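Full structure from sequences and hints, please.
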Amino acid sequence: MLQIKNLMHKTIISLAGIAAIAFSAFVVAGEKPSFAPSVPHPTNGTTECVEPEDEMKKNHMEYLLHQRDATVHEGVRTKTYSLKECINCHVPENTEIRFGDDKHFCSSCHNYAGVSIDCFQCHMDRPMGKNPHKKTAQVVLPVQSKLADASTTGASNE
Amino acid sequence: MNKTETVNISRRSFVEKSATAAAALTIAPGIFLNQVHAKPAAEAVTDAKRWGILVDTAKCASGCTSCVTACHEENGIASHGRPLTDQQWIRKVKLKDKQTNHVVSLPVMCQHCEKPPCVDVCPTGASFKRDDGIVLVDRHICIGCRYCMMACPYKARSFAHEAVDNVVDYQPRGKGTVESCTMCVHRVDEDGTPACVEACTEAEHGAMIFGDLKDPESAISKELVKHGGTQLRADLGLNTGVRYRGI
Numbered sequence: 001m002l003q004i005k006n007l008m009h010k011t012i013i014s015l016a017g018i019a020a021i022a023f024s025a026f027v028v029a030g031e032k033p034s035f036a037p038s039v040p041h042p043t044n045g046t047t048e049c050v051e052p053e054d055e056m057k058k059n060h061m062e063y064l065l066h067q068r069d070a071t072v073h074e075g076v077r078t079k080t081y082s083l084k085e086c087i088n089c090h091v092p093e094n095t096e097i098r099f100g101d102d103k104h105f106c107s108s109c110h111n112y113a114g115v116s117i118d119c120f121q122c123h124m125d126r127p128m129g130k131n132p133h134k135k136t137a138q139v140v141l142p143v144q145s146k147l148a149d150a151s152t153t154g155a156s157n158e
Numbered sequence: 001m002n003k004t005e006t007v008n009i010s011r012r013s014f015v016e017k018s019a020t021a022a023a024a025l026t027i028a029p030g031i032f033l034n035q036v037h038a039k040p041a042a043e044a045v046t047d048a049k050r051w052g053i054l055v056d057t058a059k060c061a062s063g064c065t066s067c068v069t070a071c072h073e074e075n076g077i078a079s080h081g082r083p084l085t086d087q088q089w090i091r092k093v094k095l096k097d098k099q100t101n102h103v104v105s106l107p108v109m110c111q112h113c114e115k116p117p118c119v120d121v122c123p124t125g126a127s128f129k130r131d132d133g134i135v136l137v138d139r140h141i142c143i144g145c146r147y148c149m150m151a152c153p154y155k156a157r158s159f160a161h162e163a164v165d166n167v168v169d170y171q172p173r174g175k176g177t178v179e180s181c182t183m184c185v186h187r188v189d190e191d192g193t194p195a196c197v198e199a200c201t202e203a204e205h206g207a208m209i210f211g212d213l214k215d216p217e218s219a220i221s222k223e224l225v226k227h228g229g230t231q232l233r234a235d236l237g238l239n240t241g242v243r244y245r246g247i
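If you read the sequences in order, they're chains D and E.
Numbered per the working numbering, the first sequence spans residues 1 to 158.
Numbered per the working numbering, the second sequence spans residues 1 to 247.
I should point out that these hints are in silico values taken from the structure, not numbers from a laboratory.
In this text the structure is predicted, and so the values were computed from the model without any measurement.
Beta carbons: idealized from backbone N, C-alpha and C, even for Gly.
Just so you know, nobody snuck in bad clues.
The calculated label-pair distances, taken between Cβ atoms and stated as ranges, are: (1) E:D131 with D:I117: 26 to 36 Å; (2) D:P40 with E:A151: 44 to 54 Å; (3) D:T95 with E:K226: 52 to 62 Å; (4) D:L64 with E:E162: 20 to 30 Å; (5) D:L64 with E:P216: 35 to 45 Å.
With a straight-line cut-off of 20 Å between C-alpha atoms, the simulated EDC-like cross-links for lysine to aspartate or glutamate are: (6) E:K49 with D:E74; (7) D:K103 with D:E53; (8) D:K79 with E:D169; (9) E:K115 with E:D212; (10) D:K79 with E:E43; (11) E:K39 with E:E190; (12) E:K94 with E:D56; (13) D:K84 with E:D138; (14) E:K39 with D:E74; (15) E:K214 with E:E114; (16) D:K79 with D:E93; (17) D:K57 with D:E85; (18) E:K115 with D:E74; (19) E:K129 with D:D69; (20) E:K214 with E:D47; (21) D:K79 with D:E51; (22) E:K155 with E:D235; (23) E:K214 with D:E74; (24) E:K175 with D:D118; (25) E:K49 with E:D212; (26) E:K214 with E:E190; (27) D:K79 with E:D191; (28) D:K57 with D:D102; (29) E:K222 with E:D56; (30) D:K84 with E:E190; (31) D:K58 with D:E85; (32) D:K84 with E:D169; (33) E:K214 with E:D131; (34) E:K115 with E:D235; (35) D:K103 with D:E85; (36) D:K84 with E:E43; (37) E:K49 with E:E217; (38) E:K49 with E:D131; (39) E:K39 with D:D69; (40) D:K84 with E:D165.
Here you go:
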C-alpha cells in the first residue's frame, strides 16, 4: 500500500515537472497558441483603436450598428465608429487583399469564428483614397420614360 | 468747438473701421458663409431646412446629358450592358406638345416629395424621409420587394439586379435592393451641392439651382418667389422638393 502511494506521488511530481518544462519552453519561444487567428494591425502607425482592444473585439458590431442608423437616418457623419474609418485604418491602401481572404482584417477573425457578414456586399472592403471610379465608370444611358403622356403632350427620352 | 472736433474724430475712426470690416468681408466671403452654415458632423439633421432643386427648362439644353453623366460618375453607377434593367437615378426627358411641336427638355429624378408614396407603401421602413426632406432608401433594411418602385409616380427608383463591383465608399450600393437619387446626401451633409447641379453649372447652362426651400434668403427661394415653379403631377398633392419652370 505504501509502495503504491509512493509511486503515485512520484508520478504526480514528474507529470507536474514535465508540464512546467513544457510551459516554460512555450513562454520562452514567445509563441501564441496556434488556434487563435492572427488579426492584422494597422500599418499606418496608429497604435490605439477608438476603444480598448478587448471592448472592440467583443462589441464592435454594436458601435457599427449604432453609427449606421445615425448616419443613414440622421446624417450624423462623425468618423469615430464608422465602418469606412475602420477600413481606412485597418486595411492598407492599394491592397490586393479582399474581404474573404484570411489576411483581410475583418475576415481574419470572421472566417475563424464562422460568422458571416454581408457588409461588403455593398460597402468597400478597402480604402478608396481618391475616387478611382470617376474615370472608369461607364455611364448608363437613359432608357425609357413613363412620365405624363397626355393627349396633347408626348414624352420621350433623349 | 471742442465737442465738434471730438465728434469728427470718432466719425473718421468709425469710417476707417467700417472700411476695414467691409474689406474683410469682401476678401473672404466664403469663409464667413461656411462658418455660419456648416452642420457639425455630430449633429443630426433637422426640419429647419428643406432641400430642393429648381430646374429651369428654358435653360436646359436639348441633347445635353451633363447631369446624368455627373450623377452616375459620382455615385459609381455603371452599365451592365442591359439597358432595360440598368440602374438609373436621373434621366433626361423630352416633352413635345403635339399641337405646337414645342419641345422641352428636362432632367427627372427623385422629386423628394413631402408626402412620398414610396414611404407609405414600404413594408419594412427602409424607404424613409429625412428631417431635411431628402427621401432615401436604407438598404440595410430594404428587402427588395419593389413596392416603392410601383408607387412612385415619377419612375425615379431602380432595382439593383446585379452585384455592384465599382462601389464608392460614400455611397454603398448592392444587389437586391432599391435605390434612387439621394440628392447627393453625402455632399449636402458637408455643405456641398449635388453633382447634377454642379455639372449643369460647369456646363454653363445654369438650369439647376439647389438650396434650402425654407430659407427665404436662399437663391432657390428667391427664384421661386419671383418667377414661380411647378411640380410634376401637382394634382397628386405630394409637394415635391424638385420644382420646374417652363413646363
